[in-house]
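Undergrad: Each chain, letter by letter, is given below.
Number of protein chains: 2
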Amino acid sequence: MRFLHTGDWHIGKKLHGYDLLSDQKEIIDQILAIALEQKVDAIVIAGDLYDRSVPSVEACELLNQAFIKINLEKKFPILAISGNHDSAVRLSTGMPWYEQTNFHLYTELKQSFTPIEIGDTQFFLLPYFEPIAARIYFAEEHLTLQDAMEKIIEKMQESFNSGKKQVLVTHFFVAGSSRCDSETTIEVGGLDSIPYELVRDFDYVALGHLHSKNALNTANARYSGSPLKFSLSEKDDQKGVWIIDSQSVVPEFHELQPKRDVRTLQASFESLVDPAFYQQMDRTCFWYFQLTDRSVITNMMNQLRAIYPNILGVERVNGRNETNQLKKVQQRKNTPYHMLTSFFEEITGEALTEKQRLWLDEGLQQAVDTEKREEDAT
Amino acid sequence: MRFLHTGDWHIGKKLHGYDLLSDQKEIIDQILAIALEQKVDAIVIAGDLYDRSVPSVEACELLNQAFIKINLEKKFPILAISGNHDSAVRLSTGMPWYEQTNFHLYTELKQSFTPIEIGDTQFFLLPYFEPIAARIYFAEEHLTLQDAMEKIIEKMQESFNSGKKQVLVTHFFVAGSSRCDSETTIEVGGLDSIPYELVRDFDYVALGHLHSKNALNTANARYSGSPLKFSLSEKDDQKGVWIIDSQSVVPEFHELQPKRDVRTLQASFESLVDPAFYQQMDRTCFWYFQLTDRSVITNMMNQLRAIYPNILGVERVNGRNETNQLKKVQQRKNTPYHMLTSFFEEITGEALTEKQRLWLDEGLQQAVDTEKREEDAT
Numbered sequence: 069m070r071f072l073h074t075g076d077w078h079i080g081k082k083l084h085g086y087d088l089l090s091d092q093k094e095i096i097d098q099i100l101a102i103a104l105e106q107k108v109d110a111i112v113i114a115g116d117l118y119d120r121s122v123p124s125v126e127a128c129e130l131l132n133q134a135f136i137k138i139n140l141e142k143k144f145p146i147l148a149i150s151g152n153h154d155s156a157v158r159l160s161t162g163m164p165w166y167e168q169t170n171f172h173l174y175t176e177l178k179q180s181f182t183p184i185e186i187g188d189t190q191f192f193l194l195p196y197f198e199p200i201a202a203r204i205y206f207a208e209e210h211l212t213l214q215d216a217m218e219k220i221i222e223k224m225q226e227s228f229n230s231g232k233k234q235v236l237v238t239h240f241f242v243a244g245s246s247r248c249d250s251e252t253t254i255e256v257g258g259l260d261s262i263p264y265e266l267v268r269d270f271d272y273v274a275l276g277h278l279h280s281k282n283a284l285n286t287a288n289a290r291y292s293g294s295p296l297k298f299s300l301s302e303k304d305d306q307k308g309v310w311i312i313d314s315q316s317v318v319p320e321f322h323e324l325q326p327k328r329d330v331r332t333l334q335a336s337f338e339s340l341v342d343p344a345f346y347q348q349m350d351r352t353c354f355w356y357f358q359l360t361d362r363s364v365i366t367n368m369m370n371q372l373r374a375i376y377p378n379i380l381g382v383e384r385v386n387g388r389n390e391t392n393q394l395k396k397v398q399q400r401k402n403t404p405y406h407m408l409t410s411f412f413e414e415i416t417g418e419a420l421t422e423k424q425r426l427w428l429d430e431g432l433q434q435a436v437d438t439e440k441r442e443e444d445a446t
Numbered sequence: 069m070r071f072l073h074t075g076d077w078h079i080g081k082k083l084h085g086y087d088l089l090s091d092q093k094e095i096i097d098q099i100l101a102i103a104l105e106q107k108v109d110a111i112v113i114a115g116d117l118y119d120r121s122v123p124s125v126e127a128c129e130l131l132n133q134a135f136i137k138i139n140l141e142k143k144f145p146i147l148a149i150s151g152n153h154d155s156a157v158r159l160s161t162g163m164p165w166y167e168q169t170n171f172h173l174y175t176e177l178k179q180s181f182t183p184i185e186i187g188d189t190q191f192f193l194l195p196y197f198e199p200i201a202a203r204i205y206f207a208e209e210h211l212t213l214q215d216a217m218e219k220i221i222e223k224m225q226e227s228f229n230s231g232k233k234q235v236l237v238t239h240f241f242v243a244g245s246s247r248c249d250s251e252t253t254i255e256v257g258g259l260d261s262i263p264y265e266l267v268r269d270f271d272y273v274a275l276g277h278l279h280s281k282n283a284l285n286t287a288n289a290r291y292s293g294s295p296l297k298f299s300l301s302e303k304d305d306q307k308g309v310w311i312i313d314s315q316s317v318v319p320e321f322h323e324l325q326p327k328r329d330v331r332t333l334q335a336s337f338e339s340l341v342d343p344a345f346y347q348q349m350d351r352t353c354f355w356y357f358q359l360t361d362r363s364v365i366t367n368m369m370n371q372l373r374a375i376y377p378n379i380l381g382v383e384r385v386n387g388r389n390e391t392n393q394l395k396k397v398q399q400r401k402n403t404p405y406h407m408l409t410s411f412f413e414e415i416t417g418e419a420l421t422e423k424q425r426l427w428l429d430e431g432l433q434q435a436v437d438t439e440k441r442e443e444d445a446t
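Respectively, the protein sequence lines represent chains C and F. The opening position of the first sequence corresponds to residue 69 in our numbering, with each subsequent residue numbered one higher. The opening position of the second sequence corresponds to residue 69 in our numbering, with each subsequent residue numbered one higher.
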């Protein structure tokens, strides 16, 4: 059998404040088109369907419509799990009815032990879970994620049918993977990672959680990556889906083309606002500009936004009066004053004027005074 | 055919801060028991399934489990609509899958024109809608709710099968009905009401929105009322469901017994805290006490709560120094001072002490000063 592996849709996610719903709708249509063209027998979605546990009404509508199209209209079986961004309970509403049309949406650890068989393949759907859920399930007080995973895989192996292939669908950080900026670290200090050895015995491991398809390079375990770029750090990623044939189990990558790409460009302000220059560019992209200018540019962001509506940010690659600035920055490092000025510079690409600095000083002094008064009062 | 008419479940609603989830779970089980005993062919739920457009995870879980039990386990067809408290989009997630097992959950005006036929009866499911939805649907700019309803009923009549009975399920205020305290008024000034004449031609109109089963008394249109008392004003209501047989169309009322009833009692503080007295009482009820005492009672609420865990409130029927109080109240009526003092008295059953009055005066003065400063600054 053949299946498509995707994940980390993060429906409802915003990119630097920009709404991505229309991009997400469009990219799901592309995924569906690949599924049709590749004649797959199932679509695997490896968690983080939504970006938030309480998604907006618009996000709910988009995902619901996507499922209707994929499962009810095009009749693709869906094998999906909840990720760390999803609310398991909210997502699973309606699940027992979905099962009737081979739309399997697993959100609880206990569901993972009963494989779903399609053709020659057994799919084990293991949603994201917190260690506490495993401790309750196995009635053991001190299980780490790694302990829990050992027990889970062992229990799954009891259901392995040697005449079939085994695929694990899950949503965790596999040790040795590389991260990017748009992922939420679940725990710190490596407690959240699963050793690769634990999942070695599966014919294929369809992973979700990390947003780059290259996050992990092993023979049988792969992240699908997100279908869209969700951070600047992903600007050079190629987004897409994997197509896996259970006979070869060598995943084949199929590219997705976003409606609005994330790109960076180093240029002078003068060229960016020159029609001869910008008419050659795809101005609908999410642009991040690295300005080569050193001088003050009045009303810079407004001028740029008038031409490039989706600017992610602007930085100066040749800072003005660099030595002086550096000295000041070092003096002020870690003070509220420093954080506010550098935030302002990062966002606007401009330094505060003398007047603005004065206002900031006054505001900070007032805040300090108020805090002191409140402390004295208690 | 026979059906059960209920509505206004308001899953997730709190009563004076008390969580009602366990009461709601239990009362749904009673509704299901009546459906089984009465061998009905369908269960009609006339809107306001949830209390809020974004219900809590616990509320989602409760309603989802209820639907699983009613529709998937006990195989009852469900005919449900969204009410003004529900988010139509959130509630309708999964709807096309529900249809497969005769669970019809209509949340859009346009769905109401296709009747659902069960046995000898046509059910028209008209969810709560805002006038703007009707204006868009009929492409007419100035429709009032009443205009819209005329057009809707007219359009429904085109599908009337004269060999069948017609039932309308909807969620509005029908003119002439009487309100109680736990309902949310949708609009003011009577704009939200539907004249009874418009729905006269249906064999039965299963209404939701008002919480008393006696809110409307007509031959063919009835509110089911809420299954639980959601306000003190409902203390004397009898809650239950209607059972309707399409042959007679005379609704038969079946009572529900809440786990914790809402009750009031007039008594002295001394008797309320006397074991000989309170051991005779159902102390799990939601009690509202009308104290006959005139003197100050120290730590009154804590003493009462230790005995009656679910107190809704306490009032003094013989206010202390009534003449003086009344005079003061009249002087202060509608001032923030008055609202705060009467709120405090209503909640605690005690007047503010001199010291507390002083604090309140100071606090209000500070608020006024701050507001003035801010106005001056702008």
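Hints in this document: simulated from the structure, not taken from any laboratory. Among the hints, erroneous ones may be present.
You can't tell identical chains apart in this list, so a pair holds if it fits in one copy or across any two.
Claimed, not checked - The calculated SDA-like cross-link candidates involving lysine to any residue, where the alpha carbons are at most 20 Å apart (straight line), are:
#	residue 1	residue 2
1	K233	V436
2	K137	P164
3	K178	E129
4	K178	L380
5	K281	F411
6	K178	Q133
7	K143	E167
8	K137	Q168
9	K178	E94
10	K143	P164
11	K142	E167
12	K178	N132
13	K281	Q168
14	K303	R247
Undergrad: Which of the numbered hints are not met once you compare them with the structure shown?
TA: Checked against the structure, the hints that fail are numbers 1, 4, 5, 9 and 13, while the rest are satisfied.
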